[in-house]
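There are 4 protein chains.
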Amino acid sequence: MNEINNIIEALRKFRDERDWAQFHNPKDLALALSIEASELLELFLWKAADEADADKIKEELADVFAYAFMLADKYDLDVAKIMQDKLAKNNLKYPVTKAKGSAKKYNEL
Amino acid sequence: MNEINNIIEALRKFRDERDWAQFHNPKDLALALSIEASELLELFLWKAADEADADKIKEELADVFAYAFMLADKYDLDVAKIMQDKLAKNNLKYPVTKAKGSAKKYNEL
Amino acid sequence: MNEINNIIEALRKFRDERDWAQFHNPKDLALALSIEASELLELFLWKAADEADADKIKEELADVFAYAFMLADKYDLDVAKIMQDKLAKNNLKYPVTKAKGSAKKYNEL
Amino acid sequence: MNEINNIIEALRKFRDERDWAQFHNPKDLALALSIEASELLELFLWKAADEADADKIKEELADVFAYAFMLADKYDLDVAKIMQDKLAKNNLKYPVTKAKGSAKKYNEL
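Heads up: the protein sequence lines correspond to chains A, B, C and D, in order.
For the first sequence, this note's numbering gives the first residue as 229, with consecutive numbering after it.
For the second sequence, this note's numbering gives the first residue as 229, with consecutive numbering after it.
For the third sequence, this note's numbering gives the first residue as 229, with consecutive numbering after it.
For the fourth sequence, this note's numbering gives the first residue as 229, with consecutive numbering after it.
Think of the hints as simulated: they come from the structure by calculation, not from any bench.
Certain hints may be false.
Derived pair list, reagent style SDA-like, types lysine to any residue, alpha-carbon separation capped at 20 Å [unchecked claim]:
#: 1; chain 1: C; residue 1: Lys302; chain 2: C; residue 2: Arg240
#: 2; chain 1: C; residue 1: Lys241; chain 2: D; residue 2: Thr325
#: 3; chain 1: A; residue 1: Lys284; chain 2: D; residue 2: Glu336
#: 4; chain 1: A; residue 1: Lys284; chain 2: D; residue 2: Lys332
#: 5; chain 1: B; residue 1: Lys275; chain 2: C; residue 2: Lys332
Whenever a hint applies, use it, and build me the whole structure from the sequences.
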């Protein structure tokens with residue numbers, strides 16, 4: 229079994245021991261993911277870009293990953309595979325010659 | 229090299245070919261992660277919990293993972309390790325005997 | 229002075245008594261607004277659509293309005309006016325004949 | 229009728245002409261508010277604090293206000309009143325003597 233499957237397996241076990249699958253419909257998982265991403269963001273509020281507390285980032289980022297992995301599991305997505313596909317797509321949307329050194333969105337390049 | 233490191237390595241290569249590291253300060257990465265999580269959430273808006281388009285979820289979830297992995301890289305975090313630590317912590321916050329079948333937050337259990 | 233200006237005036241006074249204008253750049257105000265909207269959303273997590281606590285909604289919605297009004301003030305926007313303009317635009321994007329009874333986005337109608 | 233009631237009345241009329249009340253349960257309104265706040269935030273992504281496009285901010289902020297006012301209406305909240313109550317509470321949480329010139333949260337002051 230690979231590394232990501234091991235993580236997902238541990239998350240499933242934690243969930244099932246608590247009988248939480250009943251709450252984990254896709255919509256609420258997406259809500260939870262968005263809420264955790266916002267808690268991570270709050271660590272940077274009113275601060276310079278590098279002033280957030282690294283220990284707290286570790287905690288909030290783990291929460292983000294937990295819901296992201298559970299959503300991947302819910303939709304039977306292979307995380308390594310969807311990342312490869314996304315990079316292949318973004319390679320076309322953001323060709324190096326046009327995108328180099330620019331923070332513009334692909335539709336403004 | 230393991231599975232997650234391979235993903236992060238591919239993300240780094242994509243970023244560096246475009247000279248984008250200059251934009252990827254931690255605060256803006258956290259903003260991007262939160263924005264992508266919100267785009268994923270939008271797929272469920274005005275819909276029942278299981279009515280979102282699975283193909284679009286694949287796309288938006290890949291974007292979420294991209295920024296989550298880049299933040300992990302930025303703070304030198306081992307994703308498998310922070311997930312283990314989080315589950316160990318949550319095991320104490322949500323003991324099976326108290327949390328089973330309940331969707332309450334740990335501080336309301 | 230009108231009703232909304234009175235609210236904005238009270239928010240400004242609160243801010244200036246604490247010398248907080250130095251933190252209130254537009255980007256961090258937008259972060260704060262997004263974070264408060266997410267805290268409001270959290271009141272609905274794992275719940276049916278009408279099960280959120282109304283007292284807590286009052287609190288979180290007030291926080292959302294606080295940052296929304298401060299952003300309006302920062303950009304010198306007349307809230308009543310931008311709402312009128314938005315409704316006029318949406319009237320064209322969502323004509324009654326096409327949009328009636330449909331939750332689709334304008335570009336899918 | 230006062231200024232805010234006029235705005236809410238116009239929003240209700242727009243909604244009812246399109247028979248959209250059926251979709252506007254509180255949970256989806258909170259989702260929509262959070263999504264719009266995130267679209268506003270995106271205008272600042274990869275940018276310095278004052279580089280966002282003011283015209284786009286006007287548009288996104290109007291969307292934020294639309295859902296915030298509709299949630300206030302849904303819970304029968306008087307916006308001017310909840311703002312007054314919030315400021316009174318925050319006055320206790322953030323006393324001028326402690327909070328002046330500090331961006332810390334009340335529980336860290």
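Verification of the hints:
1. C/Lys302 x C/Arg240: The given pair, whose Cα atoms are some 10 Å apart, holds under the 20 Å limit.
2. C/Lys241 x D/Thr325: Answer holds: lysine 241 of chain C to threonine 325 of chain D is near 15 Å, not above 20 Å.
3. A/Lys284 x D/Glu336: holds, 15 Å
4. A/Lys284 x D/Lys332: Roughly 15 Å separates the two Cα atoms, so the pair holds.
5. B/Lys275 x C/Lys332: holds, 10 Å
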